[in-house]
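Engineer: If you read the sequences in order, they're chains A and B. Letter by letter, the first sequence follows residues 448 to 694 in this note's numbering. Letter by letter, the second sequence follows residues 552 to 1002 in this note's numbering.
The set of hints was computed from the structure by calculation and includes no laboratory data. From a predicted model like this one, the values you see are computed outputs, not experimental measurements. Possibly wrong hints are sitting among the right ones.
[Stated by the list, open to error] Footprint (simulated), chain A over chain B, 3 or more residues, beta carbon under 8 Å:
hint, region
1, 610-622
2, 644-657
3, 758-765
4, 812-818
5, 969-979
[Claimed, not checked] In silico negatives: residues of chain A with every beta carbon more than 10 Å from chain B:
hint, residue
6, 514
7, 636
8, 639
9, 680
C-beta: ideal position from N, C-alpha, C; glycine also.
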Amino acid sequence: MWAGLSNYAHALEDDRFTAGFGRVLLFGAVQIPVMIAFATALALLLDAASARWVGFFRTAFFLPYGVPGVIASILWGFLYVPGISPLVEMAHSVGWNVDFLGRGAVLWSIANIVTWQFTGYNMLVLIAQLKAVPGELYEAARIDGASAWQVARHIKLPLIRPALVLTTVFSLIGTLQLFAEPKVLKPLSNSIDSGYTPNLAAYNEAFTSNNQHIAAAEAVLLALVACVLSFGFLRLVGQRGKDGESG
Amino acid sequence: MSDTARNRNTWTHGTSRRAVLGGAAAAAAGFALAGCGSDDDGGDEPKGRKKGEKITLTFWSWVPGIDKPVALWNSKNPEVRVKVEKVSAVDGAQYAKMHAAIKAGNPPDLGQIEYPVVPSFLIDNGLLDLTKYGVADHKDKFIGWQWQQSVFGKAVYAVPQASGPMGLFIRQDLFEKWGIEPPTTWDEYEAAATAIRKKGAWIETFSATNGNRFAGLAWQAGARWFGTEGDTWTVSIDDEPTRKVADYWYGLVRRKLIKTIPDRQNAWYKDVQTGDMASWLGASWGDALLVGNAPKTAGKWRVVPMPQWKKGDAAYANWGGSTTAVFAKTKYPKDALAFAIWLNTDPESIKLLIENGYGTPGAKQGYTTSQLDVHKDFFGGQEYSKVFDEASKGVDTSWKWGPATDTLYQRLGDAFTAAIGNGSDFRSVLKKVQSQTITDLKEKGLQVKAG
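One chain only, chain B, in its complex shape:
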């Protein structure tokens, strides 16, 4: 019975969408319009749960320990059971699976989706616009820029969970031994890199395939890779701030002041363990990563703010972080949203999430910064989360991700791989990726122009 009902619902849902939006191209272009998303879902809204009806919502996530807050929810809400299905997060496999499920018409009710990837789900109409279900009432509970990451036009497509404000992890003991001050500007960073190199170690690596961090670096410098003008996407990867960043890192690579090995892989972990790499430009979730992979360096690390372009500035960026999104096909949008809000704002839930190291909460309240200092001893007693908390306040809120971030990372990775291989400068990378991205978006049926 319920199966038939579901099928019928699915079918009408699909048809009305197509009728309204008239083909894939229009659908793809349409979401960038202000107020889009209010035009679909016409008269076929899911009926939702009847009073007293017991339902089960599926939730795809890969976050370790997410089952703990979910278990808490289930004990408090016997009628709306949430079932976590773990998905692989290797190489974006989880998103491939979600996109495939949307195409096949059987996505889960809820999903864990990282900020940069949210827009890609608007192209296949995979996510539910939550404004109709009163999501706006909860806006003030979340940190502004994180909320904005899921806002397109007037529509809100996801509930913020956590972010990764960036900071510089340094080996305090080595810096002290070598008489090097922790860098506060990028000029000082370069000087530190030179000094550390003279001691036979390295300050860092520039990983060709880490497009995510490179985006963070550009973000800090004031770049805005993507934007929308009406229903047209603007792409400006080859803009002045990004060029400045590219030139800077190219200089470090060319003068061999920095390694070029991939990060967060065996060789990198080894360098972190041995002190061959004396710092890491990471993000707030990096504490758990260092603790887990270099336990013997406990007590030797500190966190300092990300170096600035101009002394005294407080411009920061974000690397990582994700949302809880509700998929468009859910039969119980109200309950799904209620769970998403509870998961990310309830103090008890946040506490459980923090204990498992999920990053800096997207919620404004319900926790204290000291609660985030889970690994205080590892950082020699430093209240390191204050550094990230400050950084979070200095994140440029106008940054927007484009609709094909995974492809963008791949393009950047390929171009940086080639540039590092043949020694060409990083401006050539930006030029190439800019034109490739415009082509990529056009092929998705979107209206694009160079910004």
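Looking at chain A on its own, in the form it has when it is part of the complex:
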């Protein structure tokens, strides 16, 4: 039966689904800058001339990426659950009555898992780009008397810009597709509903309610938004890049 756009209309009328979009956008606006800043800082530190034990730390920072998202969420889930988690216990012992799985906090508890997982990965991409910076530039800077900070600020950062753009776009797409973390934490929390993220909403439509058509419409809408945001972001930084060159 030809349904036209009615499934799309239905999906967009569902405030649970649209609220999920709002939630991941808020998540992205906060978590992506924090994570990229963190990854950049780590990459610069490991690339600094004075860095020691580089191989060890690079591996250590990258290691969480090797843990599958579901497993990571289960691990962190144990650290969030009151009564079991040493973190919660410590917080309570110093008088901080925190509930990591509560209504206000759970989104940021998820952000913490994602940051823990992907900072190392992004760091590695940035380090790869840093390795590609020709040594003569550093040499010239040193001769000119530039400090380590000035080298980072004026040589390294501008030159790893493409990698920064790349990691940001990947993170943007990843954020919109958030699924495993809320799915795993849902049974533990009283604050995650079935449409917490767009992907979770589509999943539940398909496999709980047996509404594959709505689920498909939701998935297409999600892909559209991801597309618009990624290309929008690329355009935005592309424009700025050109302005920078001409100015």
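On the provided structure of chain A, position chain B as indicated by the hints.
Structural biologist: Then chain B, alone, in the frame of chain A:
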């Protein structure tokens, strides 16, 4: 050869159904009609097994230890081998898989299906109406209300296996220490909750996502969320009994007399182990759950009847329980039904099932209540199954599940999550879920009206 035969059979099966029922909408609406199900399956009945032919039936289940009675069956019935395929029961994954298999045209022969979910399989014509194969002869072997759960119109779609009459698990030692009497009414329950709170512990949790138990609470209060009038479903989730239940629990939540953490999760198990939660409104299958997760509290638990709305009443409800259903596409309906009946009525089979803790048998005979007291020591020697047995007799038999229970639970879960989050009362939950459910059913092509 047999593959071709099977394909042809499948194909004709599908076509005749569509021809008779004329499109998905009609098919969906049609099953609610009295006597429906006798109109499909026209002239393309599966031939069944030839004498002496050896066949294998597949059976999807997740019940731990189900392979034991199946092995017994296989040793006694070499011609009709049953092969258990374990399916995941996490978050309803097993039903998603069954629905997908029905859509793809290759479902198993038999499946484990919980009572609340049986009607959802009528929408995609997934289950076989067993009346043609003489299921009615076995009616008297089963507990009335459990039998009724799978009856739609004149058609019978599944064989009862087990149920979960509800009861109140309490930490006898703590209640005694604190000088609190086990509550027999909901008023007393509230008083107990207040008293326990003063001791720094909690009586229970109200889990937003446990729609199944909330349905049980409404069921006890006399609610009837779903019904049928001719070929129209009536939905009355926002009825008076349910409102009474919703108001009651909202009061407990609002006054912080009860936790709101999800149940049967790590934090909950921890509370049960430490006595931070002094009781649990559970069901007969809960004994194994407590034994398995709080072994150190052995001897301290007792079971008392579910609190009543009016002192002296004996109204109870059911939480959980499942059936053995035969899928519509099976080539050997007679053999599949024979197995389903044997599995759930044969004393030896029931014994094996009980040992693995599958709940309260759906069969009337073939076991004794004392047999069900598997964990007597854990309950300080109490013959606790008598409590559940009594409860089973007091379950309102007129309760019917609707055709989209998983969606209903999800709706309830989302609405309760939101209400607990923003502090709005639980009546708003009922109002919202009532209208959402009507929309959900309409979208499935069913005729619906508010009851």
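Engineer: If a hint holds in the structure, say so; if it doesn't, say that too.
Structural biologist: Hint by hint, here is what the structure shows:
1. 610-622: violated (count 0)
2. 644-657: Check passed, 3 qualifying residues.
3. 758-765: With 3 residues close enough to chain A, the hint holds.
4. 812-818: Three-residue rule met by the region 812-818 of chain B, so holds; n is 5.
5. 969-979: holds (count 3)
6. 514: 19 Å, holds
7. 636: Violated, since 7 Å does not exceed 10 Å.
8. 639: 7 Å, violated
9. 680: Residue 680/A clear of chain B: closest Cβ-Cβ about 32 Å, beyond 10 Å.
Taken one by one, the earlier hints fail for this structure at numbers 1, 7, 8, listed in ascending order.
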